[in-house]
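Engineer: Chains S and G, in that order, are what the protein sequence lines are.
Mapping of the first sequence onto our numbering: residues 1 to 561, in sequence order.
Mapping of the second sequence onto our numbering: residues 562 to 759, in sequence order.
If you're looking for bench data, these hints aren't it; they were derived computationally from the structure.
For every residue, glycine included, the Cβ atom is placed at its ideal position computed from N, Cα and C.
Errors might be hidden in some of the hints.
Unchecked claim - Reference excerpt, derived from the structure (chain S facing chain G, CB under 10 Å, subset only):
| no. | residue |
| --- | --- |
| 1 | Asp8 |
| 2 | Leu11 |
| 3 | Arg235 |
| 4 | Asn238 |
Claimed, not checked - Once the Cα atoms are required to be at most 27 Å apart in a straight line, the calculated DSSO-like pairs of lysine-lysine come out as:
| no. | chain 1 | residue 1 | chain 2 | residue 2 |
| --- | --- | --- | --- | --- |
| 5 | S | Lys558 | S | Lys507 |
| 6 | G | Lys625 | S | Lys265 |
| 7 | G | Lys704 | S | Lys248 |
| 8 | S | Lys511 | S | Lys524 |
| 9 | S | Lys97 | S | Lys77 |
| 10 | S | Lys246 | S | Lys507 |
| 11 | G | Lys704 | S | Lys165 |
| 12 | S | Lys556 | S | Lys486 |
| 13 | S | Lys246 | G | Lys704 |
| 14 | S | Lys486 | S | Lys511 |
| 15 | S | Lys248 | S | Lys504 |
| 16 | S | Lys248 | S | Lys524 |
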Amino acid sequence: MYQYNYADQTLVEERVAQFRDQTERFLAGELPEEQFLPLRLQNGLYIQRYAPMLRIAIPYGLLASYQLRKLAEITRKYDKGYGHFTTRTNIQLNWPKLEDVPDILAELASVQMHAIQTSGNCIRNTTTDPYAGIHQEEIADPRPYCEIIRQWSTFHPEFAFLPRKFKIAVVGTANDRAATQVHDVGLHVKTNDAGELGFEVLVGGGLGRTPVIGKVINEFLPRQHLLSYLDAILRVYNLHGRRDNKYKARIKILVESMGGPAFAKLVDAEWEAHTKDGPLTLTDANFDTAIGFFSEPDYVGFDALQVQSDLQQQLNANKDFADWYNQNTVAHKIAGYRAVVISLKAGLVDGTYVPSGDVSESQMDALADLSDKYSFGELRGTYQQNLVFSDVQTNQLYELWEQLADLNLARANINTLTDMIVCPGWDYCSLANATTHNIAEQIEKQFDDLDYLYDLGEIRLNMSGCMNACAHHHTGDIGILGVDKKGEHWYQISLGGNSSNDAKVGKILGKAVPAEDVAITLQKILDVYLEQRVSNENDVEAFSDLVNRVGVAPFKEKVYG
Amino acid sequence: MGNHHVLNSKGIDIGQSDTWLALNTDELPDGIALSHISLLELLHKQEKFDIVLPLTDLLNAEGKLAGGLLQQLNELLTEHASRVGVWVTSDNDTDTLVGLSDFLLQQDLIVIHVPAFTDGRGFSYAQTLRQIGYEGEIRMAGKFGRDQIAYLLRAGADSFVLSEHDMKSISDISQAFNALASSYDGRDASALPMFAGT
Chain S
1 MYQYNYADQT
11 LVEERVAQFR
21 DQTERFLAGE
31 LPEEQFLPLR
41 LQNGLYIQRY
51 APMLRIAIPY
61 GLLASYQLRK
71 LAEITRKYDK
81 GYGHFTTRTN
91 IQLNWPKLED
101 VPDILAELAS
111 VQMHAIQTSG
121 NCIRNTTTDP
131 YAGIHQEEIA
141 DPRPYCEIIR
151 QWSTFHPEFA
161 FLPRKFKIAV
171 VGTANDRAAT
181 QVHDVGLHVK
191 TNDAGELGFE
201 VLVGGGLGRT
211 PVIGKVINEF
221 LPRQHLLSYL
231 DAILRVYNLH
241 GRRDNKYKAR
251 IKILVESMGG
261 PAFAKLVDAE
271 WEAHTKDGPL
281 TLTDANFDTA
291 IGFFSEPDYV
301 GFDALQVQSD
311 LQQQLNANKD
321 FADWYNQNTV
331 AHKIAGYRAV
341 VISLKAGLVD
351 GTYVPSGDVS
361 ESQMDALADL
371 SDKYSFGELR
381 GTYQQNLVFS
391 DVQTNQLYEL
401 WEQLADLNLA
411 RANINTLTDM
421 IVCPGWDYCS
431 LANATTHNIA
441 EQIEKQFDDL
451 DYLYDLGEIR
461 LNMSGCMNAC
471 AHHHTGDIGI
481 LGVDKKGEHW
491 YQISLGGNSS
501 NDAKVGKILG
511 KAVPAEDVAI
521 TLQKILDVYL
531 EQRVSNENDV
541 EAFSDLVNRV
551 GVAPFKEKVY
561 G
Chain G
562 MGNHHVLNSK
572 GIDIGQSDTW
582 LALNTDELPD
592 GIALSHISLL
602 ELLHKQEKFD
612 IVLPLTDLLN
622 AEGKLAGGLL
632 QQLNELLTEH
642 ASRVGVWVTS
652 DNDTDTLVGL
662 SDFLLQQDLI
672 VIHVPAFTDG
682 RGFSYAQTLR
692 QIGYEGEIRM
702 AGKFGRDQIA
712 YLLRAGADSF
722 VLSEHDMKSI
732 SDISQAFNAL
742 ASSYDGRDAS
752 ALPMFAGT
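Using the sequences plus the hints, can you model the full thing?
Structural biologist: Pasting the structure below:
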């Protein structure tokens with residue numbers, strides 16, 4: 001994990017001082033609202049319906065146990081004792097006081113954390129694969145490149161007042177687990193025929209009102225050019241992106257308006273005329289330095305046969321553990337280790353719905369302790385609003401599972417229907433048109449049988465409270481979008497979206513359904529799937545495959561008659 | 562520059578010694594085009610040596626420098642020891658700027674007018690001018706804010722025009738010039754924290 005040096009630490013401390021001054025000037029009436037707004041946003045601070053919201057950066061999702069403990073402490077001291085993990089692997093506090101925010105930022109700086117550029121029209125937190133560095137099929141670990149991008153983009157003086165926000169995602173495997181095709185820039189680590197490392201560069205993906213899949217503008221960018229090429233993309237966007245309409249200001253609109261090849265030409269012209277091979281060029285020594293921060297932890301060797309036989313006994317003896325093992329653990333490149341996905345979709349706990357991505361302060365403290373004990377003191381956030389322990393010994397899975405279960409953090413529902421991505425919705429976001437938590441609760445009540453969920457197989461259900469699409473409803477196998485109709489909340493359902501390699505936008509099923517009908521409508525959709533899927537002894541047709549094969553018509557027929 | 566203060570890159574007010582007269586087409590009486598005005602007379606009237614002209618008024622419809630005005634400019638330069646600057650706004654395409662690089666590189670002052678606090682094109686204008694090799698003064702005017710000054714300096718700007726109102730409402734302007742003192746200019750990978758120390 002990257003450790004701050006003196007320069008990094010100085011930077012975050014200078015930022016705290018700067019924001020403290022800006023907040024004081026704003027509260028004293030010296031800094032006008034229209035200037036404070038973009039400045040506070042670049043420190044992650046929104047003003048929402050009931051209270052401010054502070055979004056804290058977790059660079060590429062990587063979090064140390066001591067940082068999580070500090071987050072727990074902050075939520076106790078300044079908020080209501082919980083935090084909310086987001087799809088872009090940040091964490092949000094829903095109830096801080098404006099005047100406390102400089103103090104919160106100072107506390108974060110003490111553990112090498114910040115809220116820099118987590119919001120506003122600037123370069124945001126770079127995201128990546130939660131299994132970076134541990135996946136068998138990885139071409140190269142994307143995290144060193146993410147950290148280089150983080151340092152390059154932090155306080156970049158030229159790109160802090162872009163036409164609109166700018167999000168970058170990087171993956172190091174062929175399989176895309178970071179939704180790179182719906183980012184402003186997606187980078188896929190590749191090797192060329194000579195074995196050199198570089199990136200396939202996609203640009204202009206995004207969701208919101210105008211969902212667009214990113215376009216490849218460079219099939220192989222040698223890695224030494226990473227920053228100079230990004231610099232050229234950002235300059236072209238900053239100068240040419242639309243500023244007359246915020247809904248048409250993302251880079252996707254610029255790229256769509258001229259087409260990918262023409263945009264690529266503009267970038268190449270800018271790059272080759274000015275910055276290519278200039279001082280932004282990275283050296284092999286630079287890469288070695290960056291990679292050095294992400295060295296493997298001290299894995300221990302095991303008697304593989306013994307480990308496997310012990311595990312098999314545990315799996316045979318306890319169905320709950322076996323379910324959890326099957327759903328919530330992931331293969332690791334090192335024999336004797338697994339990655340563990342901690343479900344932040346507890347659903348109903350003692351009858352009360354726990355919102356997707358929410359973690360209480362006591363759970364944070366406990367997770368910090370467990371990560372120290374079982375996973376080298378590190379955690380990762382995922383695009384699906386869960387957490388990952390990336391390096392757990394297979395022979396310790398059972399005891400970890402027992403402890404996670406005591407914390408209501410071992411629900412074995414990863415990649416099932418109830419592993420929902422859900423935005424905070426109307427109650428917590430002033431942009432939202434509709435509530436989401438009540439609908440998620442309704443869905444939890446309708447689909448509470450795990451074995452039924454396992455039979456349904458992998459289904460990604462994403463629900464956003466407005467068309468800004470923070471929960472990526474467009475790319476869910478099932479997407480739910482909250483809409484406002486004359487003050488009432490209605491829900492529009494779409495089918496067939498995908499955020500991974502086969503990225504596409506789902507098709508709208510039909511007119512929106514009233515709030516009370518969402519779960520029964522889903523039931524009808526799932527009934528069609530169970531009736532029509534094709535199975536043989538080896539294979540069951542997945543929900544996404546069926547939708548691809550038959551389209552939305554049979555679902556529409558069942559729902560609307 | 563009118564009733565404005567001009568702060569240099571150290572935050573020192575150089576307004577009193579500033580010899581530039583900025584000509585803004587919007588402030589001319591209706592129907593008067595720049596080409597109909599005697600620049601020399603205007604300078605005499607205002608008791609200024611040096612003139613800043615809107616780039617738009619120096620260009621014809623094809624984006625090329627227009628003949629008549631250029632002659633006036635040359636006269637000012639050669640016969641009256643005046644200096645000439647240009648005033649660019651966000652309506653000027655940077656492709657035009659790059660296309661005029663020979664002309665721009667000769668100027669002593671380029672003023673970049675910022676139409677709104679959130680309009681960040683000025684940052685890239687400054688950077689683009691530096692990229693094409695412009696070494697003269699880049700002066701920011703318009704609706705930038707004091708909290709952007711440190712970033713603008715790093716993007717390539719040298720001086721800042723602030724209104725009387727801005728100056729009065731700011732208790733300690735020097736802070737604005739020193740904000741985020743350790744951050745870099747975005748131009749050099751070796752300045753990133755993890756590489757700077759090695």
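Engineer: It remains to establish, for every hint, whether it holds in the given structure.
Structural biologist: Structure-based check of all given hints:
Contact between aspartate 8 (chain S) and chain G, as hinted, is supported at the beta carbon level, the nearest pair being about 5 Å apart and thus within 10 Å. Hint status for leucine 11 (chain S): holds, given a least beta-carbon distance of 5 Å to chain G, under 10 Å. Interface restraint check for arginine 235 (chain S): the shortest CB-CB distance to chain G comes to about 5 Å, inside 10 Å, so the restraint holds. A least Cβ separation of about 5 Å between asparagine 238 (chain S) and chain G falls short of the 10 Å threshold, and the interface hint therefore holds.
Annotation: proposed proximity of lysine 558 (chain S) to lysine 507 (chain S) holds, straight-line Cα distance about 16 Å (limit 27 Å). Taken as a hint, the lysine 625 (chain G) and lysine 265 (chain S) pair is honoured in the structure, with Cα atoms around 24 Å apart against an allowance of 27 Å. About 23 Å separates the Cα atoms of lysine 704 (chain G) and lysine 248 (chain S), which keeps this hinted pair within 27 Å; it holds. The suggested pairing of lysine 511 (chain S) with lysine 524 (chain S) holds, with an alpha-carbon distance near 15 Å, which does not exceed 27 Å.
Of the pairs offered as hints, the one joining lysine 97 (chain S) and lysine 77 (chain S) holds, with about 11 Å between alpha carbons and a cut-off of 27 Å not exceeded. Taking the CA atoms of lysine 246 (chain S) and lysine 507 (chain S), the gap is about 25 Å. The hint holds against a cut of 27 Å. Between lysine 704 (chain G) and lysine 165 (chain S), the direct Cα distance comes to roughly 21 Å. Compliance with the 27 Å bound is thereby established for this hinted pair. Restraint check for lysine 556 (chain S) and lysine 486 (chain S): satisfied, since their Cα atoms lie roughly 25 Å apart, inside the 27 Å limit.
For the given pair, lysine 246 (chain S) sits about 19 Å from lysine 704 (chain G) by alpha-carbon distance, which is consistent with the 27 Å threshold. Distance hint between lysine 486 (chain S) and lysine 511 (chain S) is fulfilled; the C-alpha atoms sit about 15 Å from each other, no more than 27 Å. A distance of roughly 20 Å separates the Cα atoms of lysine 248 (chain S) and lysine 504 (chain S); the hinted pair therefore holds under the 27 Å criterion. Between the alpha carbons of lysine 248 (chain S) and lysine 524 (chain S) the distance comes to roughly 36 Å, so the proposed pair goes past 27 Å and is violated.
Hint compliance for this structure: hint 16 alone is broken.
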